[in-house]
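K.L.:
Chain by chain, the residues:
There are 2 protein chains.
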Amino acid sequence: MTKTKIDVTLSKTKKEKPQSDQLEFGRVFTDHMFVMDYSPTKGWHDARIVPYEPISLSPASMVFHYGQTVFEGLKAYRTQDDKVLLFRPEKNMHRLNLSNERLCIPQIDGEFVIEALKQLVSIEKEWIPTAEGTSLYIRPFIIPTEYFLGVAPSNFYRFMIILSPVGSYYKEGIHPVKIFVENHYVRAVDGGTGKAKTGANYASSLKAQEEAAKKGYSQVLWLDGVEKKYIEEVGSMNIFFKISGEVVTPELNGSILEGVTRNSIIELLKSWDIPVSERKISMEEVYETYKKGKLEEVFGTGTAAVISPVGEFLYNEQKMVINDGLTGELSKKLYDTLSGIQRGTMQDPFNWVVDVN
Amino acid sequence: MTKTKIDVTLSKTKKEKPQSDQLEFGRVFTDHMFVMDYSPTKGWHDARIVPYEPISLSPASMVFHYGQTVFEGLKAYRTQDDKVLLFRPEKNMHRLNLSNERLCIPQIDGEFVIEALKQLVSIEKEWIPTAEGTSLYIRPFIIPTEYFLGVAPSNFYRFMIILSPVGSYYKEGIHPVKIFVENHYVRAVDGGTGKAKTGANYASSLKAQEEAAKKGYSQVLWLDGVEKKYIEEVGSMNIFFKISGEVVTPELNGSILEGVTRNSIIELLKSWDIPVSERKISMEEVYETYKKGKLEEVFGTGTAAVISPVGEFLYNEQKMVINDGLTGELSKKLYDTLSGIQRGTMQDPFNWVVDVN
Ligand SMILES: Cc1ncc(COP(=O)(O)O)c(C=O)c1O
Ligand SMILES: Cc1ncc(COP(=O)(O)O)c(C=O)c1O
Chain U
1 MTKTKIDVTL SKTKKEKPQS DQLEFGRVFT DHMFVMDYSP TKGWHDARIV PYEPISLSPA
61 SMVFHYGQTV FEGLKAYRTQ DDKVLLFRPE KNMHRLNLSN ERLCIPQIDG EFVIEALKQL
121 VSIEKEWIPT AEGTSLYIRP FIIPTEYFLG VAPSNFYRFM IILSPVGSYY KEGIHPVKIF
181 VENHYVRAVD GGTGKAKTGA NYASSLKAQE EAAKKGYSQV LWLDGVEKKY IEEVGSMNIF
241 FKISGEVVTP ELNGSILEGV TRNSIIELLK SWDIPVSERK ISMEEVYETY KKGKLEEVFG
301 TGTAAVISPV GEFLYNEQKM VINDGLTGEL SKKLYDTLSG IQRGTMQDPF NWVVDVN
Chain E
1 MTKTKIDVTL SKTKKEKPQS DQLEFGRVFT DHMFVMDYSP TKGWHDARIV PYEPISLSPA
61 SMVFHYGQTV FEGLKAYRTQ DDKVLLFRPE KNMHRLNLSN ERLCIPQIDG EFVIEALKQL
121 VSIEKEWIPT AEGTSLYIRP FIIPTEYFLG VAPSNFYRFM IILSPVGSYY KEGIHPVKIF
181 VENHYVRAVD GGTGKAKTGA NYASSLKAQE EAAKKGYSQV LWLDGVEKKY IEEVGSMNIF
241 FKISGEVVTP ELNGSILEGV TRNSIIELLK SWDIPVSERK ISMEEVYETY KKGKLEEVFG
301 TGTAAVISPV GEFLYNEQKM VINDGLTGEL SKKLYDTLSG IQRGTMQDPF NWVVDVN
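Chains U and E are the protein sequences, given in the same order.
Using the numbering used here, count along the first sequence one by one with no gaps and you end on 357.
Using the numbering used here, count along the second sequence one by one with no gaps and you end on 357.
If you're looking for bench data, these hints aren't it; they were derived computationally from the structure.
Any given hint might turn out to be false.
Pairs count within a copy or across copies, as identical chains cannot be separated in the list.
Unchecked claim - In silico DSS-like pairs for lysine-lysine, Cα to Cα no more than 30 Å straight-line:
| id | residue 1 | residue 2 |
| --- | --- | --- |
| 1 | Lys42 | Lys214 |
| 2 | Lys333 | Lys14 |
| 3 | Lys42 | Lys215 |
| 4 | Lys207 | Lys42 |
| 5 | Lys319 | Lys280 |
| 6 | Lys292 | Lys125 |
| 7 | Lys229 | Lys207 |
| 8 | Lys332 | Lys15 |
| 9 | Lys228 | Lys5 |
| 10 | Lys207 | Lys294 |
| 11 | Lys91 | Lys42 |
Between the sequences and the hints, there should be enough to build the whole structure, so can you do that?
P.N.:
Laid out in structure tokens, this is it:
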């Protein structure tokens with residue numbers, strides 16, 4: 001890929017920005033977006049920042065038929081001294097290329113895209129909300145654009161980045177969530193696409209989530225697709241268990257997403273000398289430790305909510321109330337520290353934060 | 001859903017039709033398409049036949065992110081006496097609603113859609129090629145259209161039918177195909193979306209197909225996602241084995257597609273008093289019968305190619321050449337009979353064929 005100049009066309013009109021206290025998640029988009037196209041002869045080309053506008057595609061465009069899509073999610077934060085910070089964007093670019101690999105989509109140049117992203121976010125600086133819990137959500141994604149009804153990788157693609165000022169992902173905020181342990185539906189299996197951030201994994205999760213919601217649970221916990229025994233992850237979070245002082249999270253087994261937050265939490269815990277292990281862990285084991293009173297905290301990790309304490313599981317019709325349904329001490333400390341680093345209010349000993357200027 | 005009138009807007013210009021002998025699969029589309037929209041308050045509404053034209057969608061439209069899509073595939077044939085025939089379209093509508101159910105998409109009224117399809121196909125009659133092996137491929141599909149970056153079923157959808165005059169799906173025509181038995185990648189698993197015709201299943205298959213192609217195999221044979229032992233199906237075909245005079249095909253286990261051709265072949269075989277069973281069958285069993293010289297024929301079934309004889313498997317580095325790599329007698333008879341019924345050149349004792357007028 002050539003490091004071409006990025007063409008910028010500014011929007012003639014500016015949309016009204018939402019009030020900080022009325023922000024939802026992923027409903028409102030900024031004035032501009034980044035776009036580049038791929039063709040077999042030119043590779044990725046025509047990198048450009050243009051006004052946010054509809055995409056026009058033939059009904060035969062492969063994106064409408066065969067699900068060959070990948071995406072990423074990260075955030076930009078605006079500090080009190082008006083700096084704009086990104087959190088470990090190189091991790092998202094790395095993961096995007098892993099997803100591309102699995103979905104037969106050509107690799108992107110992560111460094112170049114981060115430069116483009118910085119430029120885009122700078123242009124949209126005024127869109128970044130500053131209130132506690134708010135940020136600018138960044139959605140890079142790639143779609144196949146060839147017009148062809150046949151099961152084969154597309155020859156043409158479009159890469160885009162769109163931006164959305166957001167409040168908290170969960171309406172409940174940092175309050176503990178209730179999670180249903182799924183024992184019928186499967187999200188991903190070894191040899192499938194679980195490790196990739198591709199539409200497929202989310203499409204297949206909708207049904208389980210709908211059924212869990214009917215029972216009063218806002219998310220589902222996925223078990224492995226083979227034995228329906230080992231814990232994988234939650235809808236859009238990785239999951240951690242604090243058992244007798246040790247923190248355990250499922251290992252990267254090829255069918256769960258390698259969360260950037262997951263990795264950061266592990267690093268943080270290590271730096272605090274809190275024992276943490278990545279290993280296979282069954283729901284039965286978690287249930288046993290729970291019955292013995294040794295399950296101290298459970299929390300999910302993800303870009304959207306950073307840390308989501310889990311207040312309750314429903315597992316085989318059994319309610320498991322964790323830490324009296326309250327946010328645990330460690331969960332709170334991790335949330336405060338990680339979001340402090342992300343927002344530039346706390347020191348960043350890991351060099352995770354990238355200043356956009 | 002109300003059986004509203006279908007609004008028709010005819011195209012002012014007509015595209016040039018491709019030569020019968022230059023038809024590819026799924027590259028050229030006719031002048032019109034059928035469209036209807038869904039909203040929570042109106043249900044499916046605004047049913048219309050309009051000129052074939054691009055779709056314009058916000059970059060935040062859910063279809064670009066979370067893969068909540070379903071589709072169907074069937075064909076229209078034009079007979080020598082200029083009738084237009086559809087083959088068991090009610091089966092496709094039934095399956096579309098099964099897919100909808102799994103993907104949390106609202107049900108469609110199959111009868112109404114078949115009426116719409118008949119009207120659309122009548123308008124495009126001149127587009128239906130008549131040469132041997134050619135037909136008009138029909139692609140109904142549904143995409144989510146809500147603008148929202150959150151993992152949840154869309155509240156808005158668009159249903160479309162587009163039409164493409166096609167030649168043979170496989171460039172090889174009715175010649176036997178070579179198939180790679182996949183023992184690493186997995187297409188679908190119990191509790192997943194295997195039974196639904198949704199983009200996810202096809203996206204996850206691309207990588208395996210690409211690797212098989214490099215080895216000189218045009219398709220992959222999928223094994224079950226749990227034990228990687230039991231046979232499921234091929235990329236876009238169900239599969240049948242003729243072993244010592246008996247025909248065996250994997251049972252409908254929830255992770256394979258319920259092919260319309262599969263069902264029709266079973267009916268045909270039964271009507272001919274050829275023993276046929278739907279059951280679990282492992283690749284090991286097939287290999288054993290092969291070594292004993294009892295594997296007489298193998299063929300895939302699907303709308304695109306009707307019958308694809310399998311001339312060779314590559315299984316754990318072992319080449320298995322079936323029936324000397326030639327089209328088997330039964331495969332040929334099934335192909336001739338089923339395509340004869342579909343094209344109106346043979347009697348249709350099952351009442352499968354629907355006259356568009
Ligand atoms: C399935 C899934 N698991 C885990 C995560 C957490 O990853 P990250 O921490 O990079 O946001 C996400 C999403 O963001 C996800 O979609
Ligand atoms: C995965 C898969 N299996 C089987 C089939 C065969 O189904 P049918 O006979 O209805 O075309 C298809 C496609 O058409 C398919 O995509």
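K.L.:
All hints are to be evaluated individually against the structure, with a verdict given for each.
P.N.:
Evaluation of the provided hints:
{"no.": "1", "hint": "Lys42 <-> Lys214", "result": "between (49 Å within a copy, 23 Å between copies)"}
{"no.": "2", "hint": "Lys333 <-> Lys14", "result": "neither (39 Å within a copy, 66 Å between copies)"}
{"no.": "3", "hint": "Lys42 <-> Lys215", "result": "between (51 Å within a copy, 27 Å between copies)"}
{"no.": "4", "hint": "Lys207 <-> Lys42", "result": "between (40 Å within a copy, 23 Å between copies)"}
{"no.": "5", "hint": "Lys319 <-> Lys280", "result": "within (23 Å within a copy, 37 Å between copies)"}
{"no.": "6", "hint": "Lys292 <-> Lys125", "result": "neither (51 Å within a copy, 72 Å between copies)"}
{"no.": "7", "hint": "Lys229 <-> Lys207", "result": "both (20 Å within a copy, 28 Å between copies)"}
{"no.": "8", "hint": "Lys332 <-> Lys15", "result": "neither (36 Å within a copy, 64 Å between copies)"}
{"no.": "9", "hint": "Lys228 <-> Lys5", "result": "neither (50 Å within a copy, 49 Å between copies)"}
{"no.": "10", "hint": "Lys207 <-> Lys294", "result": "neither (33 Å within a copy, 43 Å between copies)"}
{"no.": "11", "hint": "Lys91 <-> Lys42", "result": "within (26 Å within a copy, 43 Å between copies)"}
Checked against the numbered hints above, the structure violates hints 2, 6, 8, 9, 10; every other hint is satisfied.
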